[in-house]
Amino acid sequence: MSSSPVKQTAITSYPKFIGRALWLATEGSFAFYAWMTVLTAVFLVGANAWANQVAGGMITTNMTDHVSWGLYIANFTFCVGLAAGGVMMVIPAYLYDDEEMHKVVIIGEAVAIAAIVMCTLSVVVDLGRPDRFWHLIPGIGKFNWPMSMLTWDVIVLNGYLLINLHVVGYLLYMRYLGRKPNVWWYLPFVFLSIFWAISIHTVTAFLYCGLGGRPFWNSALLAPRFLASAFVSGPAFIILVMRVLRVTTGYAAPTGPARTLIQIIRVAMTINLLMLVSEIFTVLYTGSAHAAPLNYLFFGDHGKNGLVPWIWTAIGMNLVGTALFFTPAALERSHVRILACLLVIVGIWIEKGMGLIVPGFIPSTLHEIVEYSPSLLEWKVVAGIWGLGLIILTLSLKLIVNVFTDRMHTDEPAT
Amino acid sequence: MTSTDPCNSQQAESKANRSLPIVENFTRRAAVKGGFATLGAAAFVAAISPLRQAAKSTTAVEFMQRHYTELSPEQKANVISRLEAETKEKYGADVTIADDRPIPGTKFVYAINLSVCNGNGKCVEACHKENNHDRSTNQSYIRVIEMPKGTMDMEKGSTTYSGIVPKDDKFYLPVQCQQCDEPPCVDVCPVKATWKEEDGIVVVDYNWCIGCRYCEAACPYHARRFNWKQPEVPAEEINPDQSYLSNRVRPVGVVEKCTYCLHRTRRGKLPACLEACPTGARVFGNILDKNSNIRWILENKRVYILKEELGTKPAFFYYFD
Chain A
1 MSSSPVKQTA
11 ITSYPKFIGR
21 ALWLATEGSF
31 AFYAWMTVLT
41 AVFLVGANAW
51 ANQVAGGMIT
61 TNMTDHVSWG
71 LYIANFTFCV
81 GLAAGGVMMV
91 IPAYLYDDEE
101 MHKVVIIGEA
111 VAIAAIVMCT
121 LSVVVDLGRP
131 DRFWHLIPGI
141 GKFNWPMSML
151 TWDVIVLNGY
161 LLINLHVVGY
171 LLYMRYLGRK
181 PNVWWYLPFV
191 FLSIFWAISI
201 HTVTAFLYCG
211 LGGRPFWNSA
221 LLAPRFLASA
231 FVSGPAFIIL
241 VMRVLRVTTG
251 YAAPTGPART
261 LIQIIRVAMT
271 INLLMLVSEI
281 FTVLYTGSAH
291 AAPLNYLFFG
301 DHGKNGLVPW
311 IWTAIGMNLV
321 GTALFFTPAA
331 LERSHVRILA
341 CLLVIVGIWI
351 EKGMGLIVPG
361 FIPSTLHEIV
371 EYSPSLLEWK
381 VVAGIWGLGL
391 IILTLSLKLI
401 VNVFTDRMHT
411 DEPAT
Chain B
1001 MTSTDPCNSQ
1011 QAESKANRSL
1021 PIVENFTRRA
1031 AVKGGFATLG
1041 AAAFVAAISP
1051 LRQAAKSTTA
1061 VEFMQRHYTE
1071 LSPEQKANVI
1081 SRLEAETKEK
1091 YGADVTIADD
1101 RPIPGTKFVY
1111 AINLSVCNGN
1121 GKCVEACHKE
1131 NNHDRSTNQS
1141 YIRVIEMPKG
1151 TMDMEKGSTT
1161 YSGIVPKDDK
1171 FYLPVQCQQC
1181 DEPPCVDVCP
1191 VKATWKEEDG
1201 IVVVDYNWCI
1211 GCRYCEAACP
1221 YHARRFNWKQ
1231 PEVPAEEINP
1241 DQSYLSNRVR
1251 PVGVVEKCTY
1261 CLHRTRRGKL
1271 PACLEACPTG
1281 ARVFGNILDK
1291 NSNIRWILEN
1301 KRVYILKEEL
1311 GTKPAFFYYF
1321 D
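Here the protein sequences line up with chains A and B, keeping their order.
Going left to right, the first sequence walks through residues 1 to 415 as our numbering numbers them.
Going left to right, the second sequence walks through residues 1001 to 1321 as our numbering numbers them.
Because the hints were derived from the structure by calculation, they are not lab data.
Some hints here could point you the wrong way.
As the list claims (entries may be wrong) - The list that follows gives simulated cross-link-like pairs (lysine-lysine, DSBU-like), each with its CA atoms no further than 35 Å apart:
1) Lys1196/B - Lys1269/B
2) Lys1156/B - Lys304/A
3) Lys1290/B - Lys1149/B
4) Lys1229/B - Lys1088/B
5) Lys103/A - Lys1307/B
6) Lys1290/B - Lys142/A
7) Lys1088/B - Lys1149/B
8) Lys142/A - Lys1170/B
9) Lys1290/B - Lys304/A
10) Lys1269/B - Lys1122/B
11) Lys142/A - Lys1090/B
12) Lys1033/B - Lys1167/B
13) Lys1167/B - Lys1090/B
14) Lys1122/B - Lys142/A
15) Lys1076/B - Lys304/A
16) Lys380/A - Lys1033/B
17) Lys1033/B - Lys304/A
18) Lys16/A - Lys1156/B
19) Lys1170/B - Lys1088/B
20) Lys1122/B - Lys1056/B
21) Lys1192/B - Lys380/A
22) Lys1149/B - Lys380/A
23) Lys1170/B - Lys1192/B
24) Lys142/A - Lys1056/B
25) Lys1196/B - Lys142/A
26) Lys1192/B - Lys142/A
27) Lys1107/B - Lys1129/B
28) Lys304/A - Lys1307/B
29) Lys1088/B - Lys142/A
30) Lys142/A - Lys1229/B
31) Lys1290/B - Lys380/A
32) Lys1290/B - Lys1229/B
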């Protein structure tokens, strides 16, 4: 079809490509259908929980006027990091001309797309009035830009989504047509995406650290710590994705990129832990107003210690994961590598999520200690968001593999 | 899942001359996929069906309503009569919702005499009733902190004190919205649903707020409240004297706050919390009026500003005798 010499314009052939891609991306083995069915079921449970939340009011969550952000914003923060982490493949591929990384960089971009969708949904489910979402749309609503950091976040997250959709879509399309991509059509966007990836996480950190009334967040280290941890969780997630691809589709990525990513994780995680120690020292040694939330987080306060098990689990996972990354076995395709990735992903999810958002509110601005742990409904909603995110990721990875292994043409149904 | 159609037609166009059985196989797959897609879509519709319940309580007119500052006088009148009718329908109470605007040449300022306040909590209760707060959560815009003498560190205080007040070794610090001149809550709002009016009062358009609660995170004084559920107030307890930007019954899912009782103060009355105070600790007035009591206090007394180091510039002062 598309490879035939008959002249086709992009206007007709691009929709055809999308249609064909979606058709093939929904073809698969029994295991694939089982996986997609499970994800769909989880997504539906989440959608139902959210609908109940909208109908019954947010009293159905465990958030209060004291802890007014919870699991949703925690998950949002982690997903921003996941999206930004993909840039750690783009930088070696394009700035350092790493040939092997160049071949798999698109996987990082696919992860970014799914992660951004999860970010957006995590914020939408946190709105008390999702029906008024249009108030946030520039032009028809009332967009408080540039004052509100949340409007900056809306811009950078949507921008990042569009940039990645363009780059991934264009490169796959060209490959599908068997043409060499025109650098002017994607390279400027790739370089833009590098700055943009840094910006999404910086802006998200500014969302919190700009609040003078919340001493736990009001630290200049917050944005650098966000970035450092993003450059651990993002690459770790991508290593896992590459492993899953190899096992399920037989699409074996070269070994070089994973090694590069592990080197990046080693450095980024060390910096992250160093900044954590620096922050803890500064706060606890001086014993300033910043100390109360940190005390609550790590040791509990006035007999209230809801976050203590969370944070020590996170610290333990991060330390063990980091130690494993430094072993030589992590550079091989080994179980050690997989375990290390899982440990730091969960560790950072807790540290940046529950460990960062909730202590911002405990003690409250009037120093009341009201604890928070997510309700079952909140867990369902977040699971649903991950379900949808993984559906999007699975389909885009299948699409990528199909294009890269030229299955788009050879597996056409009639041949 | 919507891909089946373009693929199908594409298939039909380019491969019409191919062998029949495989085409059949292809269409069978398309049918199976289409079936599953339909099933998935139906399940999704069923999953989000509770939304229909929520949609019932929001009319199209309410959905389309513009921002308060963009409403024409006529539109405002329509909105207000709609809200009055809704209160009648949902709560069974006849109320009047006014649109009280700032009085030119007025800048409202509040002061509390910490040497006099004895923590009796009448202000908390008065606010609860005046502002039609949810009864079940005993909501109020004011919190009183019982503090040990010899410190201004709120970490050492308690908002859940009980027993006979005042206690000898304690003093009492009531906290409510400080109506800051540099309000962080206004800066962070992504949709300009909250703003500072000319008389210094920070207000919320409850019909524009999207409920993201960023303002609640930004406020250093715990002044903002979120409507986690639809407020419950018995008809006979509803204060019928209401204003659009202050004490009208709030919708679910939006943020609210102290408005210095603008439905009273902009009509020349005093805030409900002041009127209820039996000790005379509370002083309220127009700081631009050179002869006002509040002006004399701020010029002559020792004045304390809560969290002054944050640069929020409160229009709320604490003083000592």
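Distance restraint between Lys1170/B and Lys1192/B, which requires alpha-carbon spacing of 35 Å or less | Violated, because 41 Å separates the two Cα atoms, which is more than 35 Å.
Going straight from one Cα to the other, do Lys1290/B and Lys304/A come out at no more than 35 Å?
-> 50 Å, violated
Verify the proposed pairing of Lys1107/B with Lys1129/B, using a straight-line Cα cut of 35 Å.
-> 25 Å, holds
35 Å Cα cutoff - pair Lys1156/B, Lys304/A = 16 Å, holds
Under the criterion that the straight-line Cα-Cα distance not exceed 35 Å, is the pair Lys1192/B, Lys142/A satisfied?
-> With Cα atoms ~6 Å apart, Lys1192/B and Lys142/A stay inside 35 Å; holds.
With a cut-off of 35 Å on the C-alpha distance, tell me whether Lys1290/B and Lys1149/B pass.
-> The hint holds at about 34 Å.
Given the proposed pairing of Lys1290/B with Lys380/A, does the C-alpha separation stay at or below 35 Å?
-> Cα-Cα ~59 Å, so violated.
Is Lys1196/B close enough to Lys142/A, meaning Cα to Cα at most 35 Å?
-> 16 Å, holds
Sort out whether Lys1156/B lies within 35 Å of Lys16/A, counting only the CA atoms.
-> Roughly 68 Å separates the two Cα atoms, so the pair is violated.
Does Lys142/A lie within 35 Å of Lys1088/B when you go C-alpha to C-alpha?
-> Judged against 35 Å, a Cα distance of about 31 Å means the pair holds.
Proposed proximity, Lys1229/B with Lys1290/B (alpha carbon, max 35 Å) | 44 Å, violated
Agreement of Lys1122/B and Lys142/A with the hint, judged by alpha carbon distance not exceeding 35 Å | 39 Å, violated
Violation of the numbered hints given earlier is confined to hints 5, 6, 7, 8, 9, 12, 13, 14, 15, 17, 18, 19, 20, 22, 23, 31, 32; the remaining hints are satisfied by the structure.
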